[in-house]
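Peer 1: Single-letter residue listing:
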Amino acid sequence: MIFTKAISYEDIQKNLDKDKDIISLVGCETCVRVAGSGGQARMKKLALKLREDGFNVKDGFLVPTACTPKLGFAKLTSDINTILSLGCSAGTSNIRRFFPTYKVIETTVDVGLMIEDANKETLEITIPYEKYKQELGQSFEAFTGVRKDSLPTKEAK
Amino acid sequence: MIISFRSKSYDDLKKQLIKDDKIAIISCNTCVVSCGVGGKQAMETLSQMLKADGYNVIEKDLISIACTLTLVENHRADPKKSEMYDDATVIIPLICENGLQCVKKVFNDKKILQVLSTVGTGNFTMDNGVVLTHPFESTSLAQSDEGYPLADVAEKLGLFPSFFDEDEAASPDKTYVTLTVDGQEVVAEKGQNLLQVCLENGIEVPHLCYHEELSEAGVCRLCLVKIQGRRDLTPSCCTHVEDGMVIITEDQELIECRRVILELVLASHNHSCLTCSKGVANIFTSCELQAMVRKYGVDATRYDENPETLPIDDSSPVIAYDPNKCILCGRCVRACEEVAGMKNIGFANRGSQTVVVAGLNQLMDQSACVSCMACVNVCPTGALSEKYLHFEGKDWKKTKIYSDSF
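Line by line, the protein sequences are chains Z and E. Heads up: the first sequence is residues 0 to 156, going by numbering that gives the first Met the number 0. Heads up: the second sequence is residues 0 to 405, going by numbering that gives the first Met the number 0.
Chain Z with its partners taken away, still in its complex shape:
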């Protein structure tokens, strides 16, 4: 699986235009959901926050895998001109290929490849991209992407 980190809200909205952009969010339900940077909850939070801040967010789609033709189930209406991708970089490339005339904005950044321990609900970076090589072997909480060493211990709780 591919480990991604969420791009900050401030950095996402810098790329959006309140007057011109009519936005649809398109997300993936596989790696980004497990990594905590995608999925239903983050999509809803992001969509409602953008609306609250005056952006024209119309709707959203979640497909099982954004890096395959299953992306075709995201049926955008004709008024949409901007897509916010809640997929990994490969999923975003697929979105760009599927919807070549749209403005596509990323909301995640790839860190590397990860393995999941479903029993412990942890993720471990096994093959990081060069920029994130210091993350090799780091553990994160599954579905939130929070670093394990930053989580409060049982005693602290």
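Calculated from the structure, these hints are not laboratory results. Hints are not guaranteed to be accurate.
[Claimed, not checked] Simulated crosslink set (EDC-like; lysine to aspartate or glutamate; CA at most 20 Å straight-line): (1) K43(Z) to D394(E); (2) K342(E) to D116(Z); (3) K44(Z) to E391(E); (4) K386(E) to E287(E); (5) K48(Z) to E391(E); (6) K102(Z) to E145(E); (7) K119(Z) to D394(E); (8) K294(E) to D242(E); (9) K39(E) to E188(E); (10) K104(E) to E120(Z); (11) K48(Z) to E9(Z); (12) K342(E) to D10(Z); (13) K44(Z) to D394(E); (14) K130(Z) to D10(Z); (15) K43(Z) to E145(E); (16) K79(E) to E136(E); (17) K103(E) to E58(E); (18) K4(Z) to E136(E); (19) K399(E) to D116(Z).
[As the list claims (entries may be wrong)] On the chain Z side, residues computed to face chain E include the following (Cβ under 10 Å): (20) G38; (21) K74; (22) S77; (23) N93; (24) D109; (25) I114; (26) K119; (27) I126; (28) Y128; (29) E129; (30) V145.
Ideal placement from N, C-alpha and C gives every residue a C-beta, glycine not left out.
Starting from the known structure of chain Z, arrange chain E on it as the hints suggest.
Peer 2: Relative to the frame of chain Z, chain E by itself:
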């Protein structure tokens, strides 16, 4: 999708083996299958090649997602497989370098022979197949939304563009038999599954419970055939070929049998295609029951339809489970046990009350399900399906998009 290639020649692989090695070949059933370097067929090919060259391949094992450590651990701990794994001295994983880390953790007492190299992430496209869009820096290739076709990447990086070639190994020492199917002479390997032999020879035998990645069950009875010399109709999915067999796969009696079975299946619950996620076939999936019903011209059922409507389990973020569309073929149960290694799905109750449930008859998201999709991938109807979701409105209301919107 993680992109991997074969990085080792067959000769180099053999150099790392000795004849006394007890070899287990394991494969992930996800990205490497799309890349053409893993999956059941690839394991079978490599196994036959090594056996033909005198090596001792003791088992092959398919794992739904090998980058989920829990699944690899479960496969090793499975009572049906643990003895084999304890016995094995060498593991050949047809698994990407990421999943390989799980293999190394679980099989740290074995010699592991890596044969695949992972080069980045990419897409499965309709026009160019699998393409590499985000190569690792070590490849010196730039990122590309269009992606690089795998053959080009293999050439640039000095990797192998395809899986091992059977011609590189000695001729397999197989015993072949000749049988007659519907008057047609067919040659097959002795002991091969009769239904598989028929399918490989273009002879369509209807089936719902049989799946080539799973063990034989023989529960749906649609694949019943007539074998000369046998008194009863025989399920071809549980029959292994022998020399001189004479088989009839379809005649009026078999057609009537199949029609009755299909009518009973249709009467078991509401199988309306209008409310089914697989109601309309698309490039990814189609309803196998619908195909059978059409083939045998079953317009309606003569039996009273079970009026009971079971609750739909919509709790999983990625899997929709509608037990009203379930035909109790057991494919999901076997996939969860054999491919996922989870044993999280099983049958509950008895007789007409039998139903497939997750965990201890829990909602899917309250069970141990890890969403590996092994069950969804083999479900022949719309009982277990992937979720496609649409959100809109002031409250971001969720609706499921069915395949007919594709």
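Peer 1: Hint by hint, say whether it matches the structure.
Peer 2: Comparing the hints with the structure gives:
Proximity of K43(Z) to D394(E) is assessed by CA-CA distance (about 9 Å); at most 20 Å being required, the pair is judged to hold. Note on K342(E) and D116(Z): the hinted pairing holds, with a Cα-Cα distance of about 17 Å set against a maximum of 20 Å. For the given pair, K44(Z) sits about 13 Å from E391(E) by alpha-carbon distance, which is consistent with the 20 Å threshold. Distance restraint check for K386(E) and E287(E): the Cα-Cα separation of roughly 19 Å lies within the 20 Å cut-off, and the hinted pair is therefore satisfied.
Among the hinted pairs, K48(Z) with E391(E) is consistent with the structure: their alpha-carbon atoms are about 14 Å apart, no more than 20 Å. At roughly 16 Å between alpha-carbon atoms, K102(Z) and E145(E) fall within 20 Å of each other, so this suggested pair holds. Pair hint K119(Z) plus D394(E) does not hold up; C-alpha atoms about 33 Å apart against a cutoff of 20 Å. In summary, the hint linking K294(E) to D242(E) is not supported, as the alpha carbons are separated by about 31 Å, beyond the 20 Å threshold.
With a C-alpha separation of about 18 Å, the suggested pair K39(E) and E188(E) falls inside the 20 Å cut-off, and the hint holds. Note on K104(E) and E120(Z): the hinted pairing holds, with a Cα-Cα distance of about 17 Å set against a maximum of 20 Å. Our distance criterion of 20 Å between C-alpha atoms is met by K48(Z) and E9(Z), whose separation comes to about 11 Å. For the given pair, K342(E) sits about 44 Å from D10(Z) by alpha-carbon distance, which is inconsistent with the 20 Å threshold.
For the hint linking K44(Z) to D394(E), the alpha-carbon distance of about 11 Å falls within 20 Å, and the restraint holds. A distance of roughly 19 Å separates the Cα atoms of K130(Z) and D10(Z); the hinted pair therefore holds under the 20 Å criterion. About 29 Å separates the Cα atoms of K43(Z) and E145(E), which puts this hinted pair outside 20 Å; it is violated. Restraint check for K79(E) and E136(E): the C-alpha separation of about 42 Å exceeds 20 Å, so the hint is violated.
In summary, the hint linking K103(E) to E58(E) is supported, as the alpha carbons are separated by about 18 Å, within the 20 Å threshold. Annotation: proposed proximity of K4(Z) to E136(E) holds, straight-line Cα distance about 19 Å (limit 20 Å). Distance restraint check for K399(E) and D116(Z): the Cα-Cα separation of roughly 29 Å exceeds the 20 Å cut-off, and the hinted pair is therefore not satisfied. Nearest Cβ of chain E to the Cβ of G38(Z): about 7 Å, under the 10 Å cut. The hint holds.
Hint status for K74(Z): holds, given a least beta-carbon distance of 6 Å to chain E, under 10 Å. Interface restraint check: S77(Z) against chain E, minimum CB-CB distance 15 Å, threshold 10 Å, status violated. Taking 10 Å as the C-beta cut-off, the interface hint given for N93(Z) holds, the closest approach to chain E being about 5 Å. Because the closest C-beta pair between D109(Z) and chain E is about 7 Å apart, less than 10 Å, the hint holds.
With a cut of 10 Å, the hint placing I114(Z) at the interface with chain E holds, because the nearest CB-to-CB distance is about 5 Å. Checking K119(Z) against chain E by beta carbon gives a least distance of about 9 Å; that is within 10 Å, so the hint holds. At its closest, the beta carbon of I126(Z) sits 6 Å from a beta carbon of chain E; the interface hint therefore holds under the 10 Å criterion. A least Cβ separation of about 7 Å between Y128(Z) and chain E falls short of the 10 Å threshold, and the interface hint therefore holds.
With 10 Å as the threshold, the beta carbon of E129(Z) comes within range of chain E, its nearest partner Cβ sitting at about 4 Å, so the hint holds. With a least beta-carbon distance of about 18 Å to chain E, the hint placing V145(Z) at the interface is violated under the 10 Å criterion.
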